[in-house]
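J.: Letter by letter, the chains look like this.
Protein chains: 2
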Amino acid sequence: MEPKIESKIKKLLIESQILSHQSALSGLSPGTRLYDAIDYHLSYPGSGARMSLSLAASLALDISPERAAHLAAAVESLHNASLIQDDLQDRDALRRGKPAVWKKFGPDLAINATDLLLSNAYALVASIGGVTSGQQLISTMHQAVVKTLQGQTKDLSHNQSESVTEGIAVAADKSGPLFSLSLQLPLILAGYENCVDLAGETGSLFGVGYQIFDDIQDLSKDRFAGNHFNLAQLVNEKGLSGIPGNRAEDLAHSYLAQALKSASKLPNGCANLLCENCVTLLAMLEKEAA
Amino acid sequence: MEPKIESKIKKLLIESQILSHQSALSGLSPGTRLYDAIDYHLSYPGSGARMSLSLAASLALDISPERAAHLAAAVESLHNASLIQDDLQDRDALRRGKPAVWKKFGPDLAINATDLLLSNAYALVASIGGVTSGQQLISTMHQAVVKTLQGQTKDLSHNQSESVTEGIAVAADKSGPLFSLSLQLPLILAGYENCVDLAGETGSLFGVGYQIFDDIQDLSKDRFAGNHFNLAQLVNEKGLSGIPGNRAEDLAHSYLAQALKSASKLPNGCANLLCENCVTLLAMLEKEAA
Numbered sequence: 001m002e003p004k005i006e007s008k009i010k011k012l013l014i015e016s017q018i019l020s021h022q023s024a025l026s027g028l029s030p031g032t033r034l035y036d037a038i039d040y041h042l043s044y045p046g047s048g049a050r051m052s053l054s055l056a057a058s059l060a061l062d063i064s065p066e067r068a069a070h071l072a073a074a075v076e077s078l079h080n081a082s083l084i085q086d087d088l089q090d091r092d093a094l095r096r097g098k099p100a101v102w103k104k105f106g107p108d109l110a111i112n113a114t115d116l117l118l119s120n121a122y123a124l125v126a127s128i129g130g131v132t133s134g135q136q137l138i139s140t141m142h143q144a145v146v147k148t149l150q151g152q153t154k155d156l157s158h159n160q161s162e163s164v165t166e167g168i169a170v171a172a173d174k175s176g177p178l179f180s181l182s183l184q185l186p187l188i189l190a191g192y193e194n195c196v197d198l199a200g201e202t203g204s205l206f207g208v209g210y211q212i213f214d215d216i217q218d219l220s221k222d223r224f225a226g227n228h229f230n231l232a233q234l235v236n237e238k239g240l241s242g243i244p245g246n247r248a249e250d251l252a253h254s255y256l257a258q259a260l261k262s263a264s265k266l267p268n269g270c271a272n273l274l275c276e277n278c279v280t281l282l283a284m285l286e287k288e289a290a
Numbered sequence: 001m002e003p004k005i006e007s008k009i010k011k012l013l014i015e016s017q018i019l020s021h022q023s024a025l026s027g028l029s030p031g032t033r034l035y036d037a038i039d040y041h042l043s044y045p046g047s048g049a050r051m052s053l054s055l056a057a058s059l060a061l062d063i064s065p066e067r068a069a070h071l072a073a074a075v076e077s078l079h080n081a082s083l084i085q086d087d088l089q090d091r092d093a094l095r096r097g098k099p100a101v102w103k104k105f106g107p108d109l110a111i112n113a114t115d116l117l118l119s120n121a122y123a124l125v126a127s128i129g130g131v132t133s134g135q136q137l138i139s140t141m142h143q144a145v146v147k148t149l150q151g152q153t154k155d156l157s158h159n160q161s162e163s164v165t166e167g168i169a170v171a172a173d174k175s176g177p178l179f180s181l182s183l184q185l186p187l188i189l190a191g192y193e194n195c196v197d198l199a200g201e202t203g204s205l206f207g208v209g210y211q212i213f214d215d216i217q218d219l220s221k222d223r224f225a226g227n228h229f230n231l232a233q234l235v236n237e238k239g240l241s242g243i244p245g246n247r248a249e250d251l252a253h254s255y256l257a258q259a260l261k262s263a264s265k266l267p268n269g270c271a272n273l274l275c276e277n278c279v280t281l282l283a284m285l286e287k288e289a290a
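First to last, the sequence lines map onto chains A and B. The working numbering numbers the first residue of the first sequence as 1 and each following residue consecutively. The working numbering numbers the first residue of the second sequence as 1 and each following residue consecutively.
Isolated chain A (complex conformation) (with noise of 0.2 Å):
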């Protein structure tokens, strides 16, 4: 990525994360609990690896800083809201080195703070003045909602004594979609609703390329805590039939590079950094392969 995009990212994402953090508490009294939650959870931000994807696709796709900004806020705001509820049901005591929202405030106010992140992630993308795709934005940040949610169901039952697809599907479905979300909306905004597709199939085959990535790192490092479902070890215990070698390094690369070549197809280069991603994992998988 050049240079001078990539500052203009850097530039926007801080701005993006500010205009997350600071809808989310516009509307709620300073002082009460629900805003100090809220308040607390946003004021330790991650990466922004959603944001970054979404806004490197809307400067690509030449939509306006402040409009990027909303599309990024909203999907961060979306990806917050999976977080603070995820840490709830998997009863993880941390987050980004601090206490879970649940577990410094409780689990009702971590069920509280999740629905407004929620809400607050369509009244972003609705603040956006003066589009005639407004109702598209919508619809697909709901599908991309719905599909969320029911691979997070789908994870609290899922173990380790499902198959290998079973355990991709909940993968596809829990991780994919914020992924596909942030190339999704910049192209609806910018009129490629022809588009929304091929991106929603990037995204997922990224989410399931990176989770397998994710779980691998888990099981070198000691980090399987044993009461996570991991899909590296899945892969590693089951085996997968086509698959040479069958290992989970195998998959995660197959995926990645599936994604790569998917991410190719958008247009504008609006999935560029995706791509740089999946070169960064893909070069790492082969390095660790060494």
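If you're looking for bench data, these hints aren't it; they were derived computationally from the structure. Among the hints, a few may not be true.
Result set (DSS-like, lysine-lysine): computed pairs, CA atoms no more than 30 Å apart in a straight line [as the list claims (entries may be wrong)]:
no. : chain 1 : residue 1 : chain 2 : residue 2
1   : A       : 238       : A       : 287
2   : B       : 103       : A       : 103
3   : A       : 104       : B       : 103
4   : A       : 265       : A       : 11
5   : A       : 238       : A       : 8
6   : B       : 261       : B       : 287
7   : A       : 103       : B       : 104
8   : B       : 287       : A       : 104
As the structure is a prediction and not an experimental result, all values here were calculated from the model.
Fit chain B to the given chain A structure using the hints.
T.: Just chain B now, kept in the frame of chain A:
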């Protein structure tokens, strides 16, 4: 209300109910736990009080039946989301005579079902095509969600030792916004953006009046479970300066009479059904007092 309009509303109520149910399930795979949990909850509908208010307002404002049904279904989707969540957070085992969702499917499914119904409300409103007010419909809906969540959060920690003023504020936040929204969405769609605040105030007054009325019924019928906050009991215990008699009945009367006055100022008689509800409740209060 004219019999002709009443029968129109009844017919649209069934259509809106079906629309709210079907739209919530669309996108989910039948036979999955999330599908089943949502299908279960929506298979035992309530009286549809908020939907009826919304439909009556839409018809008075010359909104097409199809659009009216979408607005009503959206409000109902939010209402059902709040019920599933309330039951979980209050650990109420029964809803509409059946086990509550969290009791039958577990807390995690109740959380995911709530998210889906919340998201579905936005999809329903956005699916109304060809409108210029889409942005305001969504932002007004978001404000109602934020206020409800703030009320729900305060409700989690409030108790019989707080002041009457605080108790009323919680009731206004928790019960008011969805009554308000039932009127606000049709008003916005019909171009009466300038009436949104008055509709908000009307719903809030009615929400408080209705809440006290309901709590009075709970007290008189020994339905008061002890673990639930009861606003009527608080008023009776603490008294209320400035209201003759200092009784919960007087406070309910005062709020319902104010709601009636406020509702009658809305254009085209769009809140006539809410006025009728106020009159009915006021008559019941007077009958009980006699």
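J.: Taking the hints in turn, state whether each one holds.
T.: Checked hints:
1. 238/A - 287/A: holds (24 Å)
2. 103/B - 103/A: Satisfied, since the Cα-Cα distance of roughly 23 Å is no more than 30 Å.
3. 104/A - 103/B: The given pair, whose Cα atoms are some 25 Å apart, holds under the 30 Å limit.
4. 265/A - 11/A: It holds: about 27 Å lies between the C-alpha atoms, which stays within 30 Å.
5. 238/A - 8/A: Status violated; Cα separation ~45 Å.
6. 261/B - 287/B: holds (21 Å)
7. 103/A - 104/B: holds (25 Å)
8. 287/B - 104/A: Since the Cα atoms of residue 287/B and residue 104/A sit roughly 49 Å apart, the hinted pair is violated (cutoff 30 Å).
Hint compliance for this structure: hints 5, 8 are not met, and every other hint is.
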